[in-house]
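Take the sequences, apply the hints, and build the full model.
There are 2 protein chains.
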Amino acid sequence: MTEAMTPPSGPLSGVTVIDLTRVLAGPYCTMTLSDLGARVIKVERPGLGDDARHIGPFVNGMSAYFASLNRGKESIALDLRADDDRETFEQLLATADVVVENYRGGTFDRLGYDWDTLHARYPKLIYAAVSGFGHTGPYAERPAYDMVVQAMGGVMSITGQEDGDPTRVGTSIGDIVGGLFTAVGIVSALFHRTLTGETTKVDVSMLDCQVAILENAIARLMATGVTPGPLGAHHPSIAPFGAFRAGDGWLVVAAGNDRLFGRLCDVLGEPDLARDDRFATNPARTDHRSELQSALEAALAGATVEHWLARLGQADIPCGPINDVAQVLSDPQVRARNMVVSVDDGRLPGFSVAGNPIKLSAFPDPPTRGPVPDLPASET
Amino acid sequence: MTEAMTPPSGPLSGVTVIDLTRVLAGPYCTMTLSDLGARVIKVERPGLGDDARHIGPFVNGMSAYFASLNRGKESIALDLRADDDRETFEQLLATADVVVENYRGGTFDRLGYDWDTLHARYPKLIYAAVSGFGHTGPYAERPAYDMVVQAMGGVMSITGQEDGDPTRVGTSIGDIVGGLFTAVGIVSALFHRTLTGETTKVDVSMLDCQVAILENAIARLMATGVTPGPLGAHHPSIAPFGAFRAGDGWLVVAAGNDRLFGRLCDVLGEPDLARDDRFATNPARTDHRSELQSALEAALAGATVEHWLARLGQADIPCGPINDVAQVLSDPQVRARNMVVSVDDGRLPGFSVAGNPIKLSAFPDPPTRGPVPDLPASET
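Listed in order, the protein sequences are those of chains A and B.
Everything in the first sequence is counted per the numbering used here, starting at 2 for the first residue and increasing by one.
Everything in the second sequence is counted per the numbering used here, starting at 2 for the first residue and increasing by one.
Since the hints were derived computationally from the structure, they do not count as laboratory data.
All C-beta atoms in this analysis are idealised placements derived from N, C-alpha and C, irrespective of residue type, glycine included.
Certain hints may be false.
Unchecked claim - Chain A is faced by these chain B residues, among others (derived, beta-carbon under 8 Å):
no.: 1; residue: V170
no.: 2; residue: A220
no.: 3; residue: P358
Quick look at the structure:
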């Protein structure tokens, strides 16, 4: 096993998580638990390890992607089909609070670690599984990746330009939201165990999680019978609420009610717009979204993004630039919130990762994370 | 107050949440807690209530949007600037486990409910705030909506077509991910309180949460210095992993490694592609993504989406249709997983909402949710 590390002090301090997960949904979940103080021990295949170790780009031979998800975790290499390694693994389970895996449905069962067996042998252990489709239902044993659940779960059908080509959410929201719901499930199960002694299996499907985030798209379909489609950078039922072109680029403006819209028209020097019947109420503005866009952009064309953001900000109208990733990482608010943290690993000089967005008054929010575990030699 | 309801049995049974939140980030958080068994009491402004009550479309005069987020919660109308109502509110706080608000930073403090005051008066109370920018840093008191943090947080810069217009993620991922991280923070704080008696403030910024989900985009920037851009429906470092055109429409294929790619070429009747130098390894395929897309689409053009999904499924290659929201809700797996639940409210016949994606073996997963609370008359 890699050397034991001291996880950050947090609400999950003292919790030990045995982590069989690979690539993203599971590692994202256990990273979240690690940032809250849990000790996370990755169990990796001897020789190859987590697939993410082989996804580029690389820094000094180390996958930047793997590093960003697994900083601060420990690792042990075990072959769960070899008797000696199974024994080591079971010793880990006996002292752990949680075991997490993101195999395809059925795989962990076939290794002999189905919930009934685990629960009988380790009555204090919580078992969490995050898989493409969950452990029940007709697709339970199908393979999936983020791309598949983004497509099957409906978010792609409402993302992109009207009549445009299919558009993926640029971050792996299928994996990440699956990982977050799994974290909510695990911590809830820990809370329940502390109160009652009872443990549970947590079974999360990435596809289910996509359904859970469809939000107003389901409500609109239910209420109107009309299947929602993509709307570019606009909101389906609020206007103006989207991206608009100024003299030298784009900005976003979110004037969610009549008062804000009135103030927006004043700042743009077009107070008559707020009295125009087509734009007098939010439903009217939503019905005339493209005319509204043209009218606003005609006014915005006269000055730069920077100019308008300053003026709109003074008037307390929600607005912002469309930042690229480099701009995000140097944003003063993002910096002030300690959302860019360094990794305490000599092989990764100057390498930063996202911080913990859960800020807790009772705990420090450290500006560094522990090193990235090497894949250890096999135990046997 | 609306009539008390019995929340579903779950790991958070017995937990009481006082919920001052409006519209989406906060209500999404407390809906998640409610689905896990917590009792959630909304505190709404007399007369108007939660802004989401006024967002269309409407069913029998009720906002479908509000209904989808607040089913199963209770409600009380209180004016937190009126002495009598403050007294009622403070009686609620005295018996609650958690108070959650999603005001703009500074607002709750100015009402006299800053953390120091709350913590001194209600030492068992956990206080969670989810705001656009968090309670610290230079933007702490700025207004924000989902649209603003999607733009400022970088996800829009990597979503959309290359050289295309700005594209919003079609669901309000700025609010939803903020709500999920807040839920993780609250449940972690409950766990910690149970072990130690200590409580904490949970301060979540929607902008921070967008940084936390940028995932490989940060790692790529760190490793290469190149700022990532949008890639349509493709993955930046895996190929083929995206949307492809077949004879009668689009499907997604995610062949994440050489073995899967070889099998894909066999199914398409193009085994030579796997031996082509441009496509022999994942890095080579990523470098030649557009040639690869053309070659695959030339083969896919010969048959329908349905044909290819059946053939690819037989070969165990991760793939799927791009479902619209109606197709998602009727998908057999989504149905089998109880992800479409009805609302037990006579005013909403046949109305369904998303279910709970956290499936727990120790608890039932009910197929209905409690009614939608009316806005009660003011208490005073």
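A closest beta-carbon separation below 8 Å is what the hint needs, so does A220 of chain B meet it against chain A? This interface hint holds because 4 Å falls under the 8 Å limit.
Restraint satisfaction for P358 of chain B [CB to CB of chain A, less than 8 Å]: It holds, given that the least Cβ distance between P358 of chain B and chain A is near 4 Å, below 8 Å.
Would you settle whether the hint for V170 of chain B is holds or violated, based on the nearest Cβ-Cβ distance to chain A being less than 8 Å? 5 Å, holds
Every hint, counting from the list given before, is met by this structure.
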